[in-house]
Amino acid sequence: MGCGGCGAVLDAQHPDHQIIARYEARQTATPRIPLGARGALKGETWEVIGYLVRRTEISGESYTWFEHLLYNPTAGFRWLVESAGHWTLSKSAAAVPSAPAGLEIDYLGEHYKHFQTAQAEIAYVVGELPWRARAGEKVTVEDYVRPPLVLTCEQNENERTWSIGEYVEGDTVWDAFRLTGAPPERTSVGPAQPSPYRPHSRRMLMLLATFVGLAVLIHLLFSVAAQRRLVLDQVWEYHPRVASTTSVETDPFTLTGRTSNLMVEISTTLAQNWAYFTVTLVNEDTGASRTFGREVQYYFGRDSDGAWTEGAPWDRAYLPAVPSGRYTLLVEPESPTPVNYRVRLTRDVPRALWVWLAIVFLLLPPLWFWWRQWRFEQRRWEESDHAMTRSSSSSDDD
Amino acid sequence: MSRAITCPSCGAPVTFASAQSLLAVCSYCRATLIRRDLDVEQIGTMAALLEDATPLQLGAEGVWQHVHFAVVGRVQVRWDEGQWNEWYCLFDDGRGGWLGDAAGEFTISFETSVAEPLPSWERLTVGTRLTLGGVTYEVTDRREAEVVAGEGELPFRLEGGYEIAAADLRTTTARFATLDYSQDPPRLYTGEVVELAALTMRNLREVEGWR
Chain A
1 MGCGGCGAVL DAQHPDHQII ARYEARQTAT PRIPLGARGA LKGETWEVIG YLVRRTEISG
61 ESYTWFEHLL YNPTAGFRWL VESAGHWTLS KSAAAVPSAP AGLEIDYLGE HYKHFQTAQA
121 EIAYVVGELP WRARAGEKVT VEDYVRPPLV LTCEQNENER TWSIGEYVEG DTVWDAFRLT
181 GAPPERTSVG PAQPSPYRPH SRRMLMLLAT FVGLAVLIHL LFSVAAQRRL VLDQVWEYHP
241 RVASTTSVET DPFTLTGRTS NLMVEISTTL AQNWAYFTVT LVNEDTGASR TFGREVQYYF
301 GRDSDGAWTE GAPWDRAYLP AVPSGRYTLL VEPESPTPVN YRVRLTRDVP RALWVWLAIV
361 FLLLPPLWFW WRQWRFEQRR WEESDHAMTR SSSSSDDD
Chain B
1 MSRAITCPSC GAPVTFASAQ SLLAVCSYCR ATLIRRDLDV EQIGTMAALL EDATPLQLGA
61 EGVWQHVHFA VVGRVQVRWD EGQWNEWYCL FDDGRGGWLG DAAGEFTISF ETSVAEPLPS
121 WERLTVGTRL TLGGVTYEVT DRREAEVVAG EGELPFRLEG GYEIAAADLR TTTARFATLD
181 YSQDPPRLYT GEVVELAALT MRNLREVEGW R
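Chains as they are written, first to last, in the numbering used here: chain A, 1 to 398; chain B, 1 to 211.
Just to be clear, a hint being listed does not mean it is correct.
[What the hints assert, rightly or not] Short derived list, chain A residues pointing at chain B, Cβ under 8 Å:
1) 74
2) 75
3) 76
4) 77
5) 92
6) 94
7) 95
8) 97
9) 159
10) 160
11) 163
In short, the hints are calculated from the structure, not lab data. Ideal placement from N, C-alpha and C gives every residue a C-beta, glycine not left out.
Extracted from the complex, chain A is given alone in its bound form:
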């Protein structure tokens, strides 16, 4: 036992309570939870009987954490550990983990990932411990995590002990022991802190799959119902110096059915040249018209890299939302060379574009979610021996 008043450590096993060590006698540390306090955690009542301050140095920086020894006569001992505002409740492991395979270890059939290995020493001890603890005593501490669980190995030359801990919210600790004020602010992400995203990850995937499936289904239904009707198929010749060929008009044709798109295909006999088609669709009933231009160019050749082509002798465009009615088409070609061309109009052609757009749109929320999840894990692992990236700004907390 350690005496809170003077820092002496008494050996409680011997009847004369002989002082076995005295250290940091001037330093007093006040436990976050006072010795003697009782609280209910995980269905048991615990009394704080001992308190340790432990310290480690990682790349020149000193880290301190605080361990409260809890006791219940029938349930035994637990450690309630606070590090940077993150709490874990741990007990000695009933089984031995398997030998580490790379950076993973198995405990009772579950994988744990190596988080950190550090040399830890006892900086301060007060209260009662079932074994001797001496200030300055050093052990190697290895942490393996599987949030919310953490498997810890402490070893020195003589022994190796494993303990298994579970993350506890600071508020839960504060409520359990009816402490005043607020629990210490937590910094970054704790090694065993459960991800708020992970439990929803699967549902996110399910939702995405459902909506993508729905979008594809809707597309298929529209495809089945689509008319895909060829309403015009006409061939003209263009000659740059023949005025009558610079503007041609079709006979009226009828578009039926619901307001839907119109596919405009122009195929030409162009080679090593270009043509520009100004196309106007005129509604004979209302006089409304829509004009658009299409450029067709086709070049090919052979160079040191082999054969090449650029462009194509044909073009395809879609006019969206064309109401039913009687229409004529006005075509005004322009080209430096004579060209034969064919214009085909197809009414109501299903387009996969909309499905792709829907998928991109549907992906946005899950991508944001997954990014947040990744960032959370990245911040957890930043504190470990295995940082996911070396980020220079680790200050964005939330």
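Keeping the supplied structure of chain A fixed, place chain B upon it in accordance with the hints.
Relative to chain A, chain B alone:
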């Protein structure tokens, strides 16, 4: 099975609850009694137990793997950095087993024999892997200790101050074994790590300040 006798030292009643028990400590005068065919013989006086915070006591009862047991004896052991108890338990299926009680960690084990030869004490180190009875164990603890005292009835002779050497072994599935080197040949006990709460214990000791 239970057999009541009179303590030859003080005349108080002493019970041998099990035919397997060899030794009993008189709860009044601490006389250490050895069972003979028809009578008992006092071989000495048992040293006093050290006070500890164990929740167990003689007369406590529990259930393990659907078999009821009663706590009838205790060996208290001390080592450099602490102390622990081995409670001798009589199970209703006739077996005598041990409920280990070390700093709030509890185990149940029974003496077992295996085909494999047991390793020598010198060869055992923490972390050593051993296969015993087809089960692979890892040595998690190896310590030399000293018997403080015993109470109740026990299956072997015991006296305070006796030096023992024992190693604890565990598996990846929470099975447990102890190798006891205090006699030659060493003895092997196998069982499992348990939670006291899972043993539905009755008649536990009242620990001051706890109910």
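Going down the list of hints, with the structure as the test:
1. 74: Holds, about 5 Å.
2. 75: Nearest chain B Cβ about 6 Å off; hint holds.
3. 76: Constraint on residue 76 of chain A satisfied, holds at 2 Å.
4. 77: holds, 4 Å
5. 92: Holds, because the Cβ-Cβ distance from residue 92 of chain A to chain B comes to roughly 6 Å (cut-off 8 Å).
6. 94: holds, 4 Å
7. 95: holds, 4 Å
8. 97: holds, 7 Å
9. 159: Holds, about 6 Å.
10. 160: Holds - the Cβ of residue 160 of chain A comes within 8 Å of chain B, reaching about 5 Å at its closest.
11. 163: Cβ of residue 163 of chain A sits 11 Å from chain B, so the hint is violated.
When the structure is compared with the earlier hints, a violation turns up for hint 11 alone.
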